[in-house]
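Chains as they are written, first to last, in this note's numbering: chain A, 1 to 774; chain B, 1001 to 1491.
No lab work stands behind these hints, which were simulated from the structure alone.
Positions of the beta carbon are idealized from the N, C-alpha and C atoms, including for glycine.
Hints are not guaranteed to be accurate.
[Unchecked claim] Facing chain A, from chain B, some residues (calculated, C-beta under 7 Å):
(1) V1023
(2) L1031
(3) T1032
(4) I1033
(5) A1035
(6) A1048
(7) L1052
(8) A1080
(9) A1200
(10) Y1268
(11) N1269
(12) S1271
[Stated by the list, open to error] Which bits of chain A does chain B cover? Going by a derived footprint, with three or more residues having C-beta under 8 Å, they are:
(13) 20 to 29
(14) 339 to 352
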Amino acid sequence: MVPVASNGVVLITTNRGTTGKTNVTVESSLGFQRLIKKTEMMNPEEYGIFYNRLSANMGRPPRFTDEEIQSFAALGEGTNWQDVVFRTAPIQNHSVNFAGGNEKTKFSITGSLFDQEGIIKNSNFKRYALNNSFQHDLNQAFSIDLNLALSKNRSARQFSEQGRFGTSLIGRAFSIPPMLPVYEEDGSYMEPVRRYTFVSEALYSPLNFINEQSNDLEENNVLGNAALSYTITDGLVLRVSGGIESINARTDFYQTKKFQNNPNGIARISTSAFTSLLNENTLSYTKKFAGKHDLSAVAGFTYQNFVTTTLNAEGSSLISDIPETHSLGTAGVFASPGTSYTKSTLLSGLGRINYTFNNRYLFTVSMRADGSSVYSDGNKWGYFPSAAFSWRLSDEAFLQDVTFVNDLKLRTSWGRAGSQAISPYSTLNQLLPGSTVFGSSLYTSMAPGTRLASDLKWETTEQVNVGLEFAILKGRLQFTADYYRKQTRDLLNAVQLMRSTGFTNSLRNVGRVANRGLEFELNAKIFAAGPFTWDLNTNVSFNRSKVLELYGGQDILAGQLQMIMFTDFANTYREGEPLGIIYGYEEDGYDENGFLKYKSDQKVKIGDPNPNFIFGITSSMAYKNLSLSLFLNGSQGNDIVNMSAVAFTVDNTNGTNKLKDVFNNHWTPENPNAKYPIPSTANKYRFSDRYVEDGSYIRLRNIELAYNLPVEKWTKMSSARFYVSGQNLLTLTNYSWVDPDVNSRGGANSLDQGIDYATYPSAKTLTAGVRLGF
Amino acid sequence: MKKLLANLIILLIAGLGISCEDVLVEKPKALTIEAFYNTPAEVEAGLAAIYLPLRSDMSGWWIAILECHAEWGAGMTGAANFDSYKSMQGLNNVGENNLIPRWNAFYSAIRNANLVISYTPNGKSLDQAQKDKYVAEAKFMRAFAYFQLVRGWGGVPIHTEENLSETNSVPKGTREQVYALITSDLQFAEMHLPDKAPLAGKPSKWAAKTFLADVYLYQKLYAQASEKANEVILSGKHALERVTVADDFNKVFGMGASSPEEIFYLKYNVSSPSQLVLHTMQINTPWFGSNGFGNINWHNKAKFYTSWDDKDLRKRFNWYNETIRNNPFLAGQAEFPNQGVTILSPKKYNNPGATVETFSLPLYRYADVLLIYAEASAQAAGPTADGVAKLNMVRRRAYGYDPLQPAPVDFSQAGYTIQSFTDLVIQEKGYEFQLEGKRWFDLVRSGKVKEVMKNNIGKEVADKHLLWPIPQIEFDLNKGLDRSKDQNPGY
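Please build the complete structure, drawing on both the sequences and the hints.
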């Protein structure tokens, strides 16, 4: 398989057939998931008292009378809206695999079913998949190889988008006042504003989203690849392959006529068809000569295209809720239908030579040229050479006497790689259709979108790597160390534009950044000889980054925060500093009235989203047929911009419920050093260090206890494994919001880093399963 | 077999080599700026895009924000989103932030106008008259967007077709420079726009003249303002709609209304509705089929209301007293005595049977022309009988009389100073244009703002409240601005 993406090799692994008896493996598991952590909010009485304090602080009469507060107290904890939104949800996974073959033909067939209910009510994900692989040797010279993966995904999604003050579905789990019942007496959804108009009208019941909106995605995926290999002479092989990837997706969005304040209903259907065709042609040569020289070389070229078409239609004012999206003709009002087409093409030429002398010195040089349609004219081609050398020192005569060293290898490499992770037509000034009204009819409008096009070229990363591997104590202790330096030039990213241009942002080659790092891995077979065995693997990675140059010299601001009390940018990219530093205002306690003070009107560094290091520990223990394995990982020293909590701590503008902590620990004359300022809407809020928290954590990602029943002794079965496992059962962290393993707008290529903003939270899962072999 | 394969490879390589560069050229099945603005249909689509960002914003938040600044909106504290507009003490962060999308919408319209102004003159299938007409419409709309900006924020960065490619640094233009651009755009527009708008919702040359009269008035160029307004009056193109009972005002403001009074409105339909009800009406309103946000309300002892003649049909049409519901929110307000009063709520845009709003947003109607003329002619040369007559036309209609016949409610023909007559006109505009987003700017322009607010709601207006702060994000991203010099006073 020739790597498809220039930025790292994409490996596709499939089950392969075996020779001899046909093996059958059946696996089945069932589990339950629930929200990783519940958050303690104010109860009804506390809510009432808090909002009365707020009114008093604002010089206004109390919101609630004493009788009302007493009636709240009688409600105890009131409605826990987290329970209204979240639930314990089952997850199950079943698969069966048949693998077998003979000297000339091998096959493997896997069928699987995955069914996950979401921890947010009325959300789920189902996947049905069939994976087939087939190899056949026609004769000495020709062989064919076929891989085919078919799958259907179905998901019922719930919006997890953000809301400025707790108005997302997830936000509502925390924001709705706790003394309100879930339903009104007539069975309709509670609408908080009808009881208390100081609660924003936008905080209507989350059940509107859960029950009165559906957003279902169905995807059919085909991934097929067929290759013909022709052995021309001994060691010289020509391989021609063709592949297709096809994803057909359809989304059905429906909002019923019962949705709050919109009695008309909305039906929206959008479809997309993605097709990628791939052709790879390689000529490879391998030769071993004079016993000590291994030579292999590959040359080839590839062609790949990516085409996406979309179609969407929408109607509202529907006659009835019954047909949902399936009878769009019943709509009274139609939105303009939309269609689109995009295509991009990638051409590559590549060559690689590996030479090994005496199994001791390994040399590799390679070169690839990639042409991508997405870049500007004259910048479409990128050239990416690389070279590597490794030296197995342990095979050298001078180390033959050092018997405790079992393996010692030094590796070094240098290479360049390109990134083409941008959308087609990013360099073209496209116009997008819309519509406006004149008279009483719709008229088409054409204008640019919010992103300004600009000239773009390949983002290139040059990396140098030095590594050391050694094993001692008969291989029971293996150690690996790597050091790398990377420099990325012409970094591609969206930069914010001043809004008076009419645009929001523009994709640009923004500058040069450097990363350097150390990675260590230690693998210890603590107990190697049975009946008790214990393998322990630990790894730790340190990375340091730096902005070397920003074209234009100006800071780049990213991670826009649009809160109701302030809008600002979380991340600043500044020459000479690490990536994505968090700049904001430094608080300076409270003034004599409990209002926030700031040390200066200048922003300073208040956080760094980059961890000092990340680490993982894997432990596998076995005693006879019983095994216990666990996997821990974590991050140390990274900061998180906690925007999720703003609406539930300091934003007093919309009547949202608050953390119990706010009730107990806000400013009063008696508590002048409280965690939270005086309850008031008159505080002058800014993006300050208050919102930046240490995001370090250690998490027990997975723990599994398994028992292998020795069935082969009594039956024709070859194996039977029973297991129970738990995911995310334990997290140690000082981070206050739900999940420290969060990056709401992240992705490694995003400039927005370390932001937590009403993200769909992680789940704790308990699973039991069985795996049988026949 | 070997030979066949070898040939195949050679063919493949050769074929690929030839087509390599061609394969990598992007051929989008979409339209690009450089290849657009060549035919009437293309330019008209480009023009339509100027209206798009303004439509939902102006019929919703924009009106709500401005009406919360007026004495009927600012009387009582309310939802946090609007509290600081009502405070008269300058904007807090919330108020400042809620204006950013409005700022963005105006500049988005300006960008789309600049594209039409820049590309249309080179349009391949357009004659000179078409080019002039289209550029005139784009300039009218650009002026319209800048007019909102300059009244709200004062001097602002000026983006025109001349600096379209500048994305890093555009300095702040002074208030005078912005007005100069607006004036020259409108002078071009009045020259080249058609006598009759091709579609309702598009400007005619008379709309340009009306708008220009208003712009002159804001610059205190009263002679020019009066002259422009008079051109529109003398043209006879527009007239006041007759009203005999209060509900007849639905002929001007109701859903689907079309009247001779209409000069320039933004238009909406069921596919693309307005948000006037949502942003001006009550949460439980009997006057529409869905709820409003309840941003604007007061009680029936409000001074603007009690001092207003009950016989004025506008009073009855624009407001209603709600006695049914006890509103705990209002009860919790210091300004709301909750004893012996009822809630006063707006209902100017009403239709109890409808759930989708298709009200047009009135921007300029004939009443504007008459009242601009009345004030400007008086300011320029002292009150005249003609000016009083124009004022009386609006007043007569409001009381259900024929605008062109003398009526018992007429103001007397003489005996005014410039100031007393101007006050009279400003007061009449206050009644006439309620919930049309005009009151605040009119009060600031005329210098009456502090007095009117003090009289009506007992609030002292801070100087900093008169101009909104330029959004911080503009300072963050526009290197041509210097916050210490360019931010408005008090922020």
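Outcome of the hint check:
1. V1023: With Cβ-Cβ at 5 Å, under 7 Å, it holds.
2. L1031: holds (5 Å)
3. T1032: Holds, because the Cβ-Cβ distance from B/T1032 to chain A comes to roughly 5 Å (cut-off 7 Å).
4. I1033: holds (4 Å)
5. A1035: violated (9 Å)
6. A1048: holds (4 Å)
7. L1052: holds (5 Å)
8. A1080: holds (3 Å)
9. A1200: Hint on B/A1200: holds, closest Cβ of chain A at ~5 Å, below 7 Å.
10. Y1268: holds (6 Å)
11. N1269: holds (5 Å)
12. S1271: holds (5 Å)
13. 20 to 29: Since three or more residues must qualify, the claim that chain B covers the region 20 to 29 of chain A is violated, with 0 doing so at under 8 Å.
14. 339 to 352: holds (count 7)
Hint compliance for this structure: hints 5, 13 are not met, and every other hint is.
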